[in-house]
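Visitor: If you read the protein sequences in the order shown, they are chains D, S, R and U.
Residue numbers for the first sequence follow full-length UniProt numbering, beginning at 1 and rising by one.
Residue numbers for the second sequence follow full-length UniProt numbering, beginning at 1 and rising by one.
Residue numbers for the third sequence follow full-length UniProt numbering, beginning at 1 and rising by one.
Residue numbers for the fourth sequence follow full-length UniProt numbering, beginning at 1 and rising by one.
These are computed hints drawn from the structure, not numbers from a lab.
Everything hinted at is true.
Under the rule of at most 30 angstroms between Cα atoms (straight-line distance), these lysine-lysine pairs were calculated in the DSSO-like manner:
{"id": "1", "chain 1": "R", "residue 1": "K23", "chain 2": "D", "residue 2": "K146"}
{"id": "2", "chain 1": "S", "residue 1": "K60", "chain 2": "U", "residue 2": "K16"}
{"id": "3", "chain 1": "S", "residue 1": "K54", "chain 2": "U", "residue 2": "K14"}
{"id": "4", "chain 1": "D", "residue 1": "K30", "chain 2": "D", "residue 2": "K131"}
{"id": "5", "chain 1": "S", "residue 1": "K54", "chain 2": "U", "residue 2": "K17"}
{"id": "6", "chain 1": "U", "residue 1": "K14", "chain 2": "S", "residue 2": "K60"}
{"id": "7", "chain 1": "U", "residue 1": "K63", "chain 2": "U", "residue 2": "K17"}
{"id": "8", "chain 1": "S", "residue 1": "K56", "chain 2": "S", "residue 2": "K114"}
{"id": "9", "chain 1": "R", "residue 1": "K23", "chain 2": "D", "residue 2": "K158"}
{"id": "10", "chain 1": "S", "residue 1": "K74", "chain 2": "S", "residue 2": "K60"}
{"id": "11", "chain 1": "R", "residue 1": "K100", "chain 2": "D", "residue 2": "K146"}
{"id": "12", "chain 1": "D", "residue 1": "K146", "chain 2": "R", "residue 2": "K50"}
{"id": "13", "chain 1": "D", "residue 1": "K68", "chain 2": "U", "residue 2": "K16"}
{"id": "14", "chain 1": "U", "residue 1": "K366", "chain 2": "U", "residue 2": "K328"}
Derived CB-CB ranges, DEER-like:
{"id": "15", "chain 1": "U", "residue 1": "G365", "chain 2": "S", "residue 2": "T77", "range": "33 to 39 angstroms"}
{"id": "16", "chain 1": "R", "residue 1": "L62", "chain 2": "S", "residue 2": "R137", "range": "56 to 62 angstroms"}
{"id": "17", "chain 1": "S", "residue 1": "E16", "chain 2": "R", "residue 2": "I118", "range": "53 to 59 angstroms"}
{"id": "18", "chain 1": "R", "residue 1": "V19", "chain 2": "S", "residue 2": "A144", "range": "36 to 42 angstroms"}
{"id": "19", "chain 1": "D", "residue 1": "R116", "chain 2": "R", "residue 2": "L62", "range": "50 to 56 angstroms"}
{"id": "20", "chain 1": "S", "residue 1": "R44", "chain 2": "R", "residue 2": "V19", "range": "53 to 59 angstroms"}
Idealized CB from N, CA, C, for every residue including glycine.
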Amino acid sequence: MAVTDSATTFLDFDDDEYDEMTTPEEVLRKMTATWQNELCAPCLLPTQMELVEILLDQIQGMEENIGKQTDKMQLRISVHRVELQRIGFITSDYVRCRLQKIESNPHDAIDQHKKRKEEGKSDLLSESEMKFAEEYALAESNLFQKTVLEFMPAALKKMPVPRGDHDDVMVYAKVTSDDVGNVAIPDWQDLNGEVILEMEPESCHLIPFESVHQLVEDGNIQLM
Amino acid sequence: MNAERCEFIAGNSLIEVIPSISDDRPIHLISGDIGPFEAGVPCRIPVWTAILMKRKHNCKVVAPQWMDVDELKKILTSETESQGLAKLPDHFFEISHMLVRDAREDIFEVEAVKSLVQDIYDRRDAKLRSSAIEFLRQNQTCHAQLDNVQLIEASSARATLEACRQMGAVVRNKHESTPL
Amino acid sequence: MSSGDQNRGGVADKALQLVLEMKRNPDVLPPYNTELVRQCYQKIDELFQKNAAVVEKIRAGLPHDSTLLQPRLAAMCHIRRCMMAYVNERKNRIRSFRWKYGGALPASVRNALCDAEIQFFNEYSSTLARFQSNLGEGGVNLLLHSAPPKSLFVQVRALEDYGEFETSDGTQVQLSKDSLHSLPRQDCEMLIRQGVLELVH
Amino acid sequence: MIIEDNFRQEFYNKIKKGDKSVVLIVSVDTDALCTTMILTHLLRCDDIPFSILAVEGWSSVEKIFADSQEQKCHYILINCGATRSLTRLQIPPASIAFVIDSHRPFHIENVYENGQIHLLANPSEMSELQIPDLESVIREDSDDEEDSDEDEDQEYISYEQRMEKIRRKAIKREEMQIWERQRRTILWRYYESTWFSSPSCVTLLEMAAEMNRVSAETMWFTAVGLNSAMADKLISIEMYTQICVDRMRPFVHRFMPKNIVNQGKVDDLLHITFGRELPLALYSHWDLFSAMMVSEYFSIKTKNWTQKGDVNIRHLLAQLGITLHETKQKFEALPTEQRNLVVDVLEKEMDSSFATFFGTLGYCGKLSACDVARAVTLRLEMPKSETIMNRFRSGQSILRSSITGERQDRLNLNNTFTSICQRTLQVSWKTVAAAINQSEIIPNGPYYLFSCSRSIDEDMVDSRHFLYNTAGFMIRAFASMKKGRTTKPLIAMFPLTGESAGWLVVTGVMPIATIYEDSLLKTCIGRAFERVKKMTPPLRIVDDYFNSDIIRLKSEDRTRFIDFLQTVFEGTSN
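With the sequences and hints as input, model every part of the structure.
Guide: As structure tokens, then:
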């Protein structure tokens with residue numbers, strides 16, 4: 001590709017996770033992979049909203065550049081504009097997909113987020129996603145309260161929060177990095193046993209999601 | 001994830017074009033630089049840019065070398081002979097679909113190419129379908145290895161998988177909610 | 001449900017009617033059936049009183065028949081579950097309207113909602129609006145970019161005299177009835193959604 | 001001002017700057033539609049936003065201008081706007097107008113208004129236009145003030161000087177009168193007749209070629225637009241052939257099958273070939289007999305509206321060696337060599353040199369540009385009850401359906417041929433036959449008058465294609481019945497029904513004997529109607545059409561209109 005690998009350094013992130021220089025191209029590639037994973041995963045994956053924020057900045061900067069251009073009719077302007085639309089689509093579609101998942105079970109998302117925080121894992125929800133989940137959960141319970149639960153006898157006023165059960169969901173997973181090692185899947189022959197599978201690079205598997213959940217979060221597996 | 005999004009992702013793959021305009025300043029896109037362009041000199045750019053420039057009469061698309069009748073015939077035969085799925089270039093179906101639609105005049109024997117790609121898709125789809133039925137019928141293992149599956153095939157198969165899962169849920173529900 | 005059962009009346013047939021009402025109108029949101037909902041929770045209350053009476057007898061050591069305690073509880077849960085399913089399905093459609101029409105609900109939809117639902121829509125609307133406002137610098141309208149972009153420009157036809165309209169790069173366009181336009185997709189996505197513009201080949 | 005060449009620089013690059021919004025005001029006719037398709041293709045290539053407003057009369061153009069007085073935009077008027085002064089139509093002061101119109105002559109004020117209005121004309125026609133030079137028609141206002149200043153500041157002037165001034169003013173006034181009279185005669189000759197120059201779509205194709213953005217589709221649109229000008233009797237066969245030979249030549253061979261480099265076997269790319277075609281409307285979608293019976297040439301030759309008609313037809317067919325059975329069968333059903341044989345025979349009989357463009361797409365059969373042009377025109381002009389934009393859109397979809405491979409589109413196209421086109425030809429023939437058989441065409445001094453009593457299908461009567469073809473057919477048929485009928489024009493009146501009941505649509509056609517120099521179909525009917533409208537007591541005449549030789553007249557004013565027209569033609573009052 002005539003694309004020169006000029007790593008135009010972009011931003012040094014103070015956030016420790018991004019200590020090495022990250023080019024916008026690298027951010028976009030990671031965003032595309034994350035978006036694809038989020039679309040294919042049955043449950044919420046850890047939030048990557050910083051990628052979205054970086055790309056939204058990039059779009060803003062590029063739009064200002066185009067605004068300054070006098071001759072708006074050249075080819076490069078159209079190419080830039082289409083690219084901005086494409087990036088705008090990925091970021092919006094990613095956020096919409098996550099909102100959909102939060103809305104389908106806000107309480108579960110909030111509890112999961114707190115659990116991961118206690119276990120010291122990476123955040124499931126971003127700050128604004130958490131706020132959204134709480135506000136939405138409140139709005140939803142207000143609705144149920146005013147239409148049904150209010151009229152229930154005392155014992156029936158409480159509703160158990162349904163738990164998302166994702167263990168039996170199968171996904172298509174492609175191994176993208178090299179030394180991924182092995183993965184355990186439930187052995188249907190003997191119920192408390194496990195089968196160990198070897199994950200060679202570039203191999204594709206139809207496999208229960210929970211078995212590869214961690215690998216997906218680490219970015220070693222790409223869902224399809 | 002659906003076919004439309006697969007085609008969108010496929011748009012990022014690179015393809016060779018012969019520009020009919022010259023521009024010595026490369027275009028610094030967020031997804032990397034493209035160009036500079038020199039009329040008549042082939043260069044590689046993302047498929048979405050190629051289609052954009054094609055619509056503006058600014059370039060001719062060079063069909064990928066696998067998008068040629070003899071090459072496709074070879075793929076079709078290897079697909080028929082092998083049990084599993086043959087290895088195909090990434091986004092094989094989406095790219096051929098996009099080029100046949102938007103760069104029709106630049107593809108030699110576009111009609112033959114179109115029907116060969118369709119045959120290859122049908123052959124693989126039949127394989128995927130039969131292995132899926134087999135997989136769902138057995139209860140020995142909850143894992144199947146199918147290397148070389150294309151993204152677009154996985155996304156269409158996922159719909160059937162999801163349907164089967166819901167069927168299972170409905171059946172389980174029936175048992176639970178049957179009166180005591 | 002043969003006619004025989006009809007006069008005895010299944011304990012949860014009202015609840016079932018609620019759920020069927022939604023099933024029979026997949027596209028149009030039927031008006032909120034306050035009456036049927038009321039009958040449902042009155043049925044639950046009736047069952048609850050009966051159980052309470054049996055429990056009183058048990059506490060007082062009087063002769064009682066506790067065989068129906070459990071079935072009545074199961075019936076109460078089942079009716080409640082149908083009511084929740086009814087409200088939940090309506091809630092999901094109300095959410096989809098926010099994504100279809102943006103902040104302003106058309107009157108036809110608004111009239112079909114009960115007060116609690118209107119309040120839910122408003123709360124949901126503002127929650128979403130707040131979330132969108134702190135995305136990126138000046139906020140992002142998530143209703144835009146609803147599909148992978150095919151082309152920069154779309155061909156549209158104005159269905160009414162909308163009047164003056166300014167595109168993102170500042171050109172003024174006069175959207176008079178029955179006029180055709182080629183406009184940046186981004187600019188007219190909302191107008192298409194509100195039925196001012198119609199996509200044409 | 002007039003732009004003669006380098007349209008890309010003078011016209012396209014100006015609107016490309018993008019500082020003003022681009023608004024296309026398009027007349028609803030096939031040439032304008034094809035021009036719009038090519039221009040919008042170019043605009044889309046360059047991502048230039050634009051709007052399209054379809055118009056059918058000067059009043060709608062005036063309304064558009066009135067509604068956007070403060071607008072700052074580039075108006076592109078297609079097949080309208082050249083023949084009347086746009087400044088008088090209150091074109092928004094801050095807007096610029098580019099006029100791509102085949103109507104001639106240009107209005108003087110449009111020509112000499114060099115800031116706001118730009119008329120696109122092709123270099124080859126500048127001599128035909130004979131535009132009077134500026135001084136002879138437009139008086140500089142400056143020289144009037146001069147006189148008035150002189151008087152104030154020179155009160156005490158000698159007697160001789162005062163006499164000298166009076167004499168000089170008298171001479172000046174006299175010069176003014178002479179200039180005035182000369183101006184009137186110049187303008188009289190300049191506006192005397194109206195005609196059509198080459199279709200606008202050809203100009204657009206050449207501009208697209210300048211930007212090397214010609215595709216098979218744009219070429220096909222031009223072929224259809226050019227043929228529509230023929231089918232609507234706007235340009236002569238000589239002019240049509242001259243355009244095909246000169247201006248279309250660089251493109252004719254570009255999309256021939258053998259020229260496309262990677263031509264495999266049959267693929268569904270659009271190929272355009274150029275070749276001879278029988279000038280018999282829709283014959284390949286019909287049976288030969290019906291096509292011949294409604295065609296001008298064969299009807300007049302066999303006078304098939306008379307009782308002897310049948311005998312003449314059989315006699316002619318026998319003479320040509322064509323069996324009746326052959327002509328009654330659907331043309332497509334005939335075996336190919338029989339088809340070619342019959343076409344050659346008929347072509348020799350009509351001694352026609354007509355050739356046109358054919359589009360082939362994958363497995364669907366060949367389509368001739370003149371049949372498609374006819375179908376598009378009738379979809380654009382009928383039914384009048386349909387809104388302008390709906391008709392514009394259905395004309396557009398028929399034009400597009402001729403170049404997509406889809407089966408459904410081809411069905412719509414064939415349905416248009418069989419239903420609307422054939423019916424229009426039949427109604428046109430019936431009108432002419434009735435007019436002659438019931439001798440409804442009456443000589444009225446300097447012109448013949450046909451005043452249609454039967455009410456014709458209300459959709460058709462308002463269509464330019466129907467009016468021009470029927471009037472042309474009628475005068476030739478009328479002249480073929482008796483000698484000496486070739487020196488007077490024919491005025492035809494048709495009653496309107498529906499919500500415009502009580503009105504007549506009036507058009508006219510020049511005498512057969514008129515000799516058209518440099519193959520331009522010049523007519524002075526429009527001028528005559530204008531002068532009748534100016535006469536007192538004023539008649540209720542609506543001349544809103546872009547073609548001045550079609551007007552609407554209140555039925556009650558019919559008799560006075562006939563008399564006024566008679567005086568105009570006799571030239572007693574100029």
